[in-house]
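Enquirer: The lines below spell out each chain.
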Amino acid sequence: MITVSNLSYAYQKGNPVLIDIHLNIDQRSTAIIGQNGAGKTTFVKLLKGLLKPFEGEVFIQNQQVKNRTAAELAKIIGLVFQNPNDQIFKNKVLDEVMFGPLNMGIDKQQATENAMEALEMVGLHDKLDMNPHDLSLSEKKLLCIASVVAMDTNIIILDEPTIAQDYQGKETIKKVIKTLKEKNKLVMTIIHDMDFVAENFERTIVFNEGKVILDGDTRFVFAQKDILKSAHVEAPEITKLGEKLGYRKTFLTIEEFIDYKNQERNL
Amino acid sequence: MRSISLYTERNTVIHAMDPISKLFYILFALLIPIILPSIKVSIVCVVLGLIFLLVARVFKKTIPVFSFVFLILLTVIIIQGLFRPGNQTTLFHFGPFTLYKEGLMFAFGVAFRVINIVSAFMILILTTKPSDLVESLVRKGLSSKIGYVIISVFQIIPEMMSSMETITDAQRSRGMETEGNLQTRMKAFLPLLGPVILGSLANTKERAMALEVRGFNSKGPKTYLLEEKKYRYSKVVQWGILLGIACALAWRILV
Ligand SMILES: Nc1ncnc2c1ncn2[C@@H]1O[C@H](COP(=O)(O)OP(=O)(O)O)[C@@H](O)[C@H]1O
Ligand SMILES: [Mg+2]
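Protein sequences appear in the order of chains A and B. The first sequence begins at 1 in the numbering used here and counts up one residue at a time. The second sequence begins at 1 in the numbering used here and counts up one residue at a time.
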């Protein structure tokens with residue numbers, strides 16, 4: 001769905017933020033992990049056409065990003081910003097969510113329907129008339145997610161969706177991701193919560209100092225202890241537990257671990 | 001962060017000089033041609049100013065400003081040379097026009113004074129950080145509140161520009177066309193004004209609170225975060241300039 005070749009980027013000359021990235025992103029839900037400052041946000045802004053590559057090419061569904069405006073690309077790729085305050089600019093929750101669909105040329109009634117559905121999904125349907133700036137940080141983040149979900153794009157990227165979320169908020173986001181996957185959308189996320197990655201994403205890409213140093217099925221990636229260490233990333237808790245206990249299998253979720261133990265006992 | 005100040009970082013004698021001495025120099029450049037109206041004095045002052053700009057290695061930065069100033073001065077020279085009342089001595093004709101000596105000399109006098117003052121201000125602006133200037137004024141007794149207002153002006157414009165960019169990104173990432181011809185850009189620009197202005201007002205409120213919790217209004221004597229930028233010869237320079245002005249006055253009165 002997305003092909004990235006030879007991609008480099010720098011905000012200031014002589015200070016590269018991304019160096020020679022090659023990636024082929026397919027239908028699998030994908031997590032991008034790595035230390036702060038590794039270049040993850042910059043990378044997704046390049047996919048979205050908000051930044052123009054220094055060098056290299058990005059193709060999204062066979063369209064060359066370079067030749068499209070960000071507004072045109074918005075019809076196929078949605079991005080939830082890392083900082084909700086950078087994304088929100090309307091005075092009413094409902095207007096904020098309807099902004100995208102209306103811009104895409106969807107008629108008003110359909111746009112309202114999309115918006116309501118998205119707001120219901122994140123549990124903000126009873127705050128339609130509130131000023132977004134009066135919401136809490138976690139609600140703002142959910143509002144931003146709804147604004148992008150309502151646009152019904154084929155590709156959705158979430159930049160650190162779980163920041164400021166409590167258990168309930170994380171469950172809501174999980175549900176959203178699951179629904180999107182069921183609708184056959186490509187969901188990508190930048191995230192620091194490894195347990196969340198292990199539970200929800202099939203593929204994981206590790207960024208470190210502007211380079212991709214690891215890429216593959218999530219289970220494979222979390223088994224590469226040494227490379228993860230060099231990127232200052234830790235595997236999920238349950239993965240580490242399994243490994244400390246000396247199991248050869250790489251566990252990704254608690255359920256998996258329990259099932260495995262039960263089977264072991266029954267043998 | 002971006003900045004609207006014209007300051008350029010260099011390592012020269014002029015940069016090392018304290019802002020107050022540079023203010024003294026502006027005073028000097030303003031007063032001397034008034035006290036001694038001879039055009040020769042003005043020329044000396046202009047040459048002095050240009051030398052300082054060259055020493056500070058910021059001459060290139062002055063070119064856009066000087067080009068603008070020259071454009072204006074050229075019209076002054078033409079108009080005065082042709083039409084100044086009291087024009088008598090013909091210099092030369094071209095077509096139906098006659099250029100006169102009196103008008104021309106007067107216009108040159110004006111031109112040199114303007115260039116002189118502009119270069120004195122450029123020396124200050126191009127070689128001094130706005131915050132350094134304000135800080136030294138506050139040390140000299142300017143109210144720190146006024147000082148803060150001055151510095152804010154230098155900060156708020158770049159801040160508004162960057163929040164404009166942020167909102168534009170938010171808009172185009174959700175399908176609003178912001179690139180392209182003038183009409184599309186205007187259509188995208190107008191709805192920006194509300195959020196940008198409201199946003200910076202909201203920031204003001206937050207900043208006021210942040211300042212208050214850090215004792216901005218406290219009555220006690222304030223200390224400074226940065227050490228005072230001391231220039232060894234500032235007293236010499238300042239007294240020298242005052243002495244120069246006094247000499248000029250004496251010359252004017254006595255001779
Ligand atoms: N607008 C910008 N201007 C200049 N440098 C930036 C800008 N945004 C990010 N950077 C720098 O680029 C690097 C990568 O940032 P980013 O892509 O945000 O990393 P991540 O999302 O992985 O934490 C960082 O060193 C950051 O300081
Ligand atoms: Mg980031």
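Take the hints with a grain of salt, since some may be wrong.
Listed next, the in silico SDA-like pairs over lysine to any residue satisfying Cα-Cα at most 25 Å (straight line) [what the hints assert, rightly or not]: (1) A:LYS90 to B:PHE189; (2) B:LYS230 to B:ASN11; (3) B:LYS187 to B:ILE157; (4) B:LYS187 to A:MET104.
Please keep in mind that the hints were generated in silico from the structure rather than gathered at the bench. Remember, predicted model here, so these are calculated numbers, not experimental data.
Enquirer: Next step is simple, just say for each hint if it's right about the structure.
Expert: Hints, verified against the model:
A C-alpha spacing of about 15 Å is found between A:LYS90 and B:PHE189, which places the hinted pair at or below 25 Å, so the restraint holds. Between B:LYS230 and B:ASN11, the direct Cα distance comes to roughly 15 Å. Compliance with the 25 Å bound is thereby established for this hinted pair. Only pairs whose Cα atoms come within 25 Å are accepted, and B:LYS187 paired with B:ILE157 is accepted, the gap being roughly 22 Å. Only pairs whose Cα atoms come within 25 Å are accepted, and B:LYS187 paired with A:MET104 is accepted, the gap being roughly 16 Å.
Going through the hint list in order, the structure satisfies each hint without exception.
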